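These are the residues of each chain, in order.
There are 2 protein chains.
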Amino acid sequence: MSHVAKKRKLDKTRQDTLYFDSYSDVTIHEEMIADHVRTNTYRMAILRNSESIRGKVVLDVGAGTGVLSIFCAQAGAKKVYAVEACSIAEQAVKIVKHNNMEDKVEVIRGTVETVELPEKVEVIVSEWMGYALLHESMLNSVLYARDKWLKPGGLILPSKAELFIAPISDPVVEDRLHFWYTVKDQYGVDMSCMSEFARKCIRNSDIMVNSVTVEDVLSHPARFAELDLHSVTAEELRSVQGHFRCESFGSAAVNAFCVYFTVTFPCPDKPHSLVLSTSPFKPETHWKQAVLFLDAPVEVVQDTLVTGEIRMYPLEDSARHICIHMDYSIGQEKRQSKTFSIPDWSSEAQP
Amino acid sequence: MSHVAKKRKLDKTRQDTLYFDSYSDVTIHEEMIADHVRTNTYRMAILRNSESIRGKVVLDVGAGTGVLSIFCAQAGAKKVYAVEACSIAEQAVKIVKHNNMEDKVEVIRGTVETVELPEKVEVIVSEWMGYALLHESMLNSVLYARDKWLKPGGLILPSKAELFIAPISDPVVEDRLHFWYTVKDQYGVDMSCMSEFARKCIRNSDIMVNSVTVEDVLSHPARFAELDLHSVTAEELRSVQGHFRCESFGSAAVNAFCVYFTVTFPCPDKPHSLVLSTSPFKPETHWKQAVLFLDAPVEVVQDTLVTGEIRMYPLEDSARHICIHMDYSIGQEKRQSKTFSIPDWSSEAQP
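From first to last, the protein sequence lines are chains W and V. With the first letter of the first sequence counted as 1, position 265 gets the number 265 in my numbering; the numbers rise by one all the way through. With the first letter of the second sequence counted as 1, position 273 gets the number 273 in my numbering; the numbers rise by one all the way through.
Mixed in with the good hints there might be a few duds.
[What the hints assert, rightly or not] The calculated SDA-like cross-link candidates involving lysine to any residue, where the alpha carbons are at most 25 Å apart (straight line), are:
hint: 1; chain 1: W; residue 1: Lys200; chain 2: V; residue 2: Asp103
hint: 2; chain 1: W; residue 1: Lys184; chain 2: V; residue 2: Asp103
hint: 3; chain 1: V; residue 1: Lys184; chain 2: W; residue 2: His36
hint: 4; chain 1: V; residue 1: Lys94; chain 2: W; residue 2: Val173
hint: 5; chain 1: V; residue 1: Lys200; chain 2: W; residue 2: His98
hint: 6; chain 1: V; residue 1: Lys184; chain 2: W; residue 2: Lys184
hint: 7; chain 1: W; residue 1: Lys200; chain 2: V; residue 2: Tyr187
hint: 8; chain 1: W; residue 1: Lys200; chain 2: V; residue 2: His98
hint: 9; chain 1: W; residue 1: Lys288; chain 2: V; residue 2: Val172
hint: 10; chain 1: V; residue 1: Lys200; chain 2: W; residue 2: Cys86
hint: 11; chain 1: W; residue 1: Lys97; chain 2: V; residue 2: Tyr187
For the record, the hints were derived by calculation from the structure and aren't laboratory data. Small disclaimer: the values here were computed from a predicted structure and weren't measured.
Build the full structure now, drawing on both the sequences and the hints.
Here's what the structure looks like:
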């Protein structure tokens with residue numbers, strides 16, 4: 001079965017095709033619009049920036065169904081170019097028409113790297129964030145649009161992204177591993193020897209997308225990276241990294257790290273910026289959190305130091321897939337290293 | 001994007017590889033062993049047939065982790081050949097050893113179509129059922145084993161399989177379609193024109209694997225096919241079909257059909273056979289039920305007649321994938337046809 005064990009190396013065209021194709025079904029758009037935290041925060045951010053949008057020209061990068069573009073038109077934009085590469089653009093056209101916004105919002109089908117706009121723009125809006133922030137690497141397209149189409153001094157919404165990490169104790173993993181010890185009582189067959197195999201399968205190197213509950217978070221999260229969308233370069237995105245330092249709240253067994261992000265929108269007339277957060281301490285979003293399982297749990301007590309470096313970078317054979325490499329120490333334990341990647345769903349079969 | 005729209009035509013070797021490979025992770029085995037209805041019914045069935053198993057030779061087709069083989073050894077089998085093609089056989093070897101059954105249970109790695117057994121057997125046991133009973137088409141391997149290795153008059157566990165259908169009203173579909181009408185109130189953007197596109201995506205031709213709740217079932221289920229495992233042929237499996245006739249309980253909107261199966265184990269000393277059921281009226285199993293969505297809902301009242309023919313057959317390009325064709329009438333409505341298939345998970349990418 002070796003030719004399945006090897007990851008299929010897809011050329012860039014096929015990778016892009018799979019990527020865009022995944023947005024051509026209704027389900028993901030339903031999920032995104034129904035994500036109230038996401039959609040309402042963008043709406044509020046656009047309305048609060050209406051001074052900067054009114055009478056101006058806007059570019060919506062990866063416009064999808066065109067909702068953000070319509071928010072911008074409602075905030076007074078003179079013109080919105082809603083650029084969308086995937087076939088969902090056909091729905092955006094219908095929605096714009098249905099909302100009597102054809103004079104304001106122009107849907108342009110194509111990638112932002114290849115389309116020609118009639119003019120440069122004063123505002124870029126985009127909802128580009130993927131799992132673990134950078135999966136799908138749509139941010140590259142936003143930066144391309146910024147460098148090619150945004151006038152100097154123009155506004156980018158959101159303007160900043162931050163990445164956070166915290167050690168966690170995920171109970172499901174331990175329950176799943178313990179399961180094999182319960183079979184003997186249930187069925188009279190001792191399957192405890194499955195635990196080693198189960199451990200390798202479950203404490204694996206996949207970046208899992210899970211809902212982390214507050215009770216499972218073992219320290220205040222630490223911020224390890226910040227991206228200023230006005231200035232960050234595509235080159236810098238090839239390796240987003242930083243140091244982290246956490247102090248555990250109390251006695252627990254760390255079996256994973258949780259990584260999540262926030263994006264921030266400037267609010268000129270308000271004391272506080274508007275933050276769209278995917279923190280486990282905040283209301284859940286469709287992004288949930290990214291969870292990275294350690295190969296074995298480590299005991300901590302109050303104030304145990306959990307420190308390390310974390311680096312996020314695109315997979316070599318598949319630039320839209322994110323990888324995370326960690327070097328970390330927990331308390332007095334030896335320093336550990338582990339590399340994780342988003343599972344390659346396109347080569348998995350499910351029964 | 002046309003080359004992604006076409007289903008990838010995989011040769012049989014690759015199909016088989018993907019199929020077996022999906023059983024090499026712990027998760028599916030966890031799911032099957034944790035399915036108490038499944039595992040305990042097999043255990044009870046084997047114990048109740050211990051008269052026919054004691055001192056006899058057994059073949060376990062697709063033995064997985066070897067649990068059923070060990071049940072047979074515990075029931076007094078002289079010898080059990082546990083045939084398993086996938087790498088999980090390595091775990092079966094460990095488990096047999098761990099339970100001190102090496103003298104009784106011999107794990108043989110390979111497909112049942114290619115392995116050589118030292119002798120013919122008196123009993124075949126197999127848990128071969130896939131979604132909608134026939135997805136994965138493992139039954140063909142059981143029949144092959146029966147024809148090649150089972151002595152005349154030998155026992156097959158289970159000995160019978162039955163397929164059932166009932167009209168249902170799935171509320172989730174309607175909620176999902178209605179969602180696009182709620183966006184205007186929530187965000188001030190009228191997205192109701194998305195409903196046609198959403199309808200095509202959601203009321204599609206996929207065989208969905210869902211948990212159907214009892215409240216959603218609109219008539220007594222009708223049995224449409226029965227397979228006698230002692231006599232059914234591989235040729236007959238290429239088209240499993242039958243007629244059905246249901247009378248709806250009361251006023252409702254049928255928007256789908258639910259298909260499920262039972263398998264039956266003979267119980268020589270008991271008045272009733274032992275039935276493993278995946279009916280929505282019975283405790284849930286990991287198989288859930290197969291749900292087939294109509295293109296549009298149809299109103300029914302008390303005693304409305306729902307009749308038709310249903311035919312299950314393997315997909316031409318991918319024999320392990322099942323298709324279902326239905327011709328049906330609901331009340332006075334014109335006769336309808338629709339063809340469904342299990343989605344091709346191996347060519348889908350998820351963001």
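So which of those numbered hints doesn't the model satisfy?
Failing hints, ascending: 1, 6 and 7.
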